[in-house]
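Trainee: What follows is each chain in one-letter form.
2 protein chains.
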Amino acid sequence: MRIETICTGDELLTGLTSDTNSRFFQEALLERTGLTVRRSAVVGDRKDDIISALDEAAGRCDVVLVSGGLGPTSDDLTAECAATAAGAPLVESAEALRHLEQRFKDRGIVLTDNNRRQALVPQGAEVVLNAEGSAPMFIQTRKACVLFFVPGVPREYRHLMSEQVVPRIAALRGSTEVRKLALLKTVGLPESHLDARVKPLSQKYPDVVFGFRTHPPENHLKLLATGSNEAEASALLEQVVAEARTLLGPSCFGRDAQTLPGVVLSALKQRKQYLALAESCTGGMMAQQLTAEPGASDAFYGGACTYLEDAKTQWAGVPEGLLAQYGAVSSETAEAMAKGVLARTGVQWVVSTTGWAGPSGGDAQNPVGTVYLGLAGPFGVQVEKHRFHGDRERVRAFATATALDLLRKALGGTPS
Amino acid sequence: MRIETICTGDELLTGLTSDTNSRFFQEALLERTGLTVRRSAVVGDRKDDIISALDEAAGRCDVVLVSGGLGPTSDDLTAECAATAAGAPLVESAEALRHLEQRFKDRGIVLTDNNRRQALVPQGAEVVLNAEGSAPMFIQTRKACVLFFVPGVPREYRHLMSEQVVPRIAALRGSTEVRKLALLKTVGLPESHLDARVKPLSQKYPDVVFGFRTHPPENHLKLLATGSNEAEASALLEQVVAEARTLLGPSCFGRDAQTLPGVVLSALKQRKQYLALAESCTGGMMAQQLTAEPGASDAFYGGACTYLEDAKTQWAGVPEGLLAQYGAVSSETAEAMAKGVLARTGVQWVVSTTGWAGPSGGDAQNPVGTVYLGLAGPFGVQVEKHRFHGDRERVRAFATATALDLLRKALGGTPS
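Chains as they are written, first to last, in the numbering used here: chain H, 1 to 416; chain V, 1001 to 1416.
Don't read these hints as lab results, they were simulated from the structure.
Just so it is clear, the structure is predicted and the values come from calculations on it, not from any experiment.
Where a beta carbon is used, it is the ideal one built from N, C-alpha and C, also for glycine.
A couple of the hints might just be wrong.
Derived list of chain H stretches under chain V, where covered just means 3 residues or more per stretch with a C-beta under 8 Å from a C-beta of chain V [what the hints assert, rightly or not]:
1. 42-49
2. 106-119
3. 291-299
Derived pair list, reagent style DSS-like, types lysine-lysine, alpha-carbon separation capped at 27 Å [said to hold, decoys possible]:
4. H/K47 - H/K269
5. H/K105 - V/K1204
6. H/K222 - H/K204
7. H/K47 - V/K1199
8. V/K1143 - V/K1047
9. V/K1385 - H/K105
10. H/K47 - V/K1204
11. H/K47 - V/K1222
12. V/K1409 - V/K1222
13. H/K180 - H/K204
The following block holds chain H by itself, in its conformation from the complex (with noise of 0.2 Å):
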C-alpha cells in the first residue's frame, strides 16, 4: 500500500514554521498499520503546485493525505486545487455549512463570507465533520486512490488522524495483524546510555522494533510489539514494558501518556498530601505544568514566583538579612525559600528553585545554568547544586524537570 502525504503552506518553506503534524501521523499509522509514508512533499500557497502535486500523488498512490490550506483566508487554496485537479465543481456542503452557523453562533462571532467558504468542499467527496474546528475533513476518491484532506492546524489535524484519518487506513488495508506501542520515559538519562542500557533486551526480543526518542528534558523508549491478534502482541509488549522497567530503574517515570506532574501529583494524591512551590529561576513553569494536568487542585496547593529578592520576603518568608549574606542564587535561599512557604502554607511538600538561567547573571562560583533545588517534606529540608548547559529555556526546563523528579523520587520512586 503506497501513502504519500502532502503539506500546504507558503509558511513551511520559508523557515518560519516546521511541519510537526507529519510526524504525528507517521507515528500513529506505523503503531495502528504498521505502514510507513513513502513520500511526504511540502508545497507553498500556490494553485499550479498544489495541482500537479495532487496529480502526481494520485497517479501513484493507494492513499494520499493532504493537509493545510482550509482556512477561511484568501491563500487558503487546497478544496479549489482538489476541485480542480479532479475536474469536479466546488459546491457548498449543507452538512458543513451547519457546522460552522453552529460553531459560530455558540462563540457569539459573526459569519463572514470568507468563513462560509469552508463549507465549500469539491462535488462527490465525502464530508466529515470536525469537531474541533470549522473547517470540515473531505475525502475523495479518484481512480484507485483516496485522499484525505484535513486542516493544518495541529489540535484539529490530531484529532481527526486518530479518529477518522488512520483508522480508515487500517480499513483500507484489511490486515489482522495488531501492533502495540509503549513508551517508556525517563529524566536525567543521556539518550546514549537509555540506548546502552537497553541493548541487551533488543537483541533478546528481535520482532519488537526499538526507537529512540528525544524530548529534552526526557529521553523516551519506545517498544513496538507485533502480534498476529491483540492478546499475542499485548503479551509480547507487556513483557519487554517490564524487563525494560527493571534495566531502567528510577529514571523510568512513566509510560505512554503519563507526564512527570501527573505523576507527582497522583503519588501525592494518594498519600492525600499537597505540594507548593517557590520558585524564581523556573519563574511558574513548574506551576504551569502542573496546573496543566484536570484535577491539579487535589493536590497542588499554589506557588509563588519569587522572581525579586522582595518577592522572596513577601511570598516565601526568606529573611533579607539572609538574601544579603548568601545571595538570591545560593543553597541557603532555596532552603528557606522551601521553608518559609512550608511554614506559611501548612502543606507537606515545598519545591524550590533559585538559579541564573541566563543568558546574563552568575558568576565564578555559579556561573549560568547553575540551579539550586530545594525540596521540603516531612524528613526535613534538602537541597541540589545542578550545572544545566544550554540557553535559558533550555535551563528552565531541565530545572523543571529535575525539580519534580526530586519529589517523585521522594514520594517513593517509579510508580507502575
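Add chain V to chain H, keeping to what the hints say.
Mentor: For chain V alone, kept in the frame of chain H given last:
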C-alpha cells in the same frame, strides 16, 4: 527561479526524526537571496523513489538541493541514484579520496572499503570538499538544472549551506532584486477578520505578498515586499507595514521577533514600573511567559499562583468571607486578588485571573471556559469577564494572552 529540496532518509518518514535542516536552508536562502523554496520532498532510502524524485525535480527546476544518503553505509544511496538518474557512471574522485584518507589518518582510524565509497561521485560532477565531515558535497548540472548534493548531518549541512550552497544560488540568480519580510502579530482578532481588515491593502499593493499564520492565541500577518534593491524593498515594506498597522489598530501588539510578554515588559521598563501577578486558572502560565524573556527582572516582581482558596488568602490577601460569599470564580474575587497583591507588593500593576479551565467545574452562570481577568493599576481596578472555547490548554493560553493584552492596552497600546 524555481528551487526545490529533496531530503532522503527512512527515519524522516517513520516519526523517529524531524527534518530540522530544511528550515535552516529556507531561512538562509530567503535572507540572502529573497528566494523561497517552491516544493520540499522527503523520500525514503529506496533507489526507485530517489531516482524518480530527482528526475521530476530536475525536469521542472532551476536548482535542486538534495540532502542525506551520502554516508558510508549500505542504505546511503544518493550518489548512486544521482549517477543513474543522469545516465553517468560513478567514479572515484581523487580529491575526495585524499580528503578522506587525510581525515582518517588524523583521527588514527582505518579507512574501510565502506568509507572509501564516500569518494564516489557521478562522472562530470563538481566536487566540493566538506571541512566538517568525510563525505564531499557535489554539484551536478542536468540541462537547465543545477543539483546540489550535501550530507544530512546537521553540522555539515549547515556549514555547507552558509559557505557554499546559498552563495552559489545567489550567484546563479545574478539579480539584484531584494525581498524584505515583516510579520505583524495580533491577539484578539480571528484570522478571518484579520484577512478582511487588510484586504483593501493587498489589492492596493499587488507586488507585496500577504500571508496569514495562525499561532493560537495569536494571528500573524506576513508581508513580503520585493524591490530592485535593498532600499526600494525596505521602503515599500515599511509603507505597507505602516498602513497595515493603521488598519489593525490596537489589535497589533508587535512585529517580527517581538512577543506579547516582551512588549508588555518593554512598556513597563520604559515607565520604570513593575508588574506582579495573581494567577488562578492560568496557573503560572503568565509568570512563565514573562520570565522566559531575558531581563524580565527589570519589570517583573513575581507572581502568586493562588490555586486553592487558602492560597488566595495567604498570598493575595483575599478575605475568606468574600470567597465564601461570591465563590473563587467571580468578578469580586478577581478584583480582590489584584488589589490584595498590589497592596502587599507595592508594584504599580497587578494582573489577576480566575476561571474554569475545564474539563470539569463551572455552573450555569460561569460555565467551563469562563475567566475573570482583573487589572489593578494607577487608575484603579477593572475586571473583564471572558468566555474562551476549546480544551483546558486552549482556555489557559487564551486567558493568558488576553490578560497580558489588557495590561498592554492600559500601558498605551501598540509600541512602534
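Trainee: Now, for every hint given, state plainly whether the structure supports it.
Mentor: Hint by hint, here is what the structure shows:
Proximity of the stretch 42-49 of chain H to chain V, defined as three or more residues with a beta carbon under 8 Å from a beta carbon of that chain, is established by the 6 residues found. With 6 residues having a beta carbon nearer than 8 Å to a beta carbon of chain V, the stretch 106-119 of chain H meets the requirement of three or more and the stated coverage holds. For the stretch 291-299 of chain H, the stated coverage by chain V is satisfied: 6 residues place a CB nearer than 8 Å to a CB of that chain, which reaches the threshold of 3. Taken as a hint, the H/K47 and H/K269 pair is broken in the structure, with Cα atoms around 55 Å apart against an allowance of 27 Å.
A C-alpha spacing of about 33 Å is found between H/K105 and V/K1204, which places the hinted pair above 27 Å, so the restraint is violated. Our distance criterion of 27 Å between C-alpha atoms is met by H/K222 and H/K204, whose separation comes to about 16 Å. Our distance criterion of 27 Å between C-alpha atoms is met by H/K47 and V/K1199, whose separation comes to about 20 Å. In summary, the hint linking V/K1143 to V/K1047 is supported, as the alpha carbons are separated by about 22 Å, within the 27 Å threshold.
Simply put, V/K1385 and H/K105 have alpha-carbon atoms about 19 Å apart, close enough for the 27 Å limit, and the pair holds. For the suggested pair H/K47 and V/K1204, the alpha carbons sit about 22 Å apart, so the restraint of at most 27 Å is met. With a CA separation close to 19 Å, the supplied pair H/K47 and V/K1222 stays within the 27 Å bound. Note on V/K1409 and V/K1222: the hinted pairing holds, with a Cα-Cα distance of about 23 Å set against a maximum of 27 Å.
Distance check on the hinted pair: H/K180 and H/K204 sit about 18 Å apart at the alpha-carbon level, within 27 Å; holds.
The structure does not agree with the numbered hints 4 and 5 stated previously, though it agrees with the rest.
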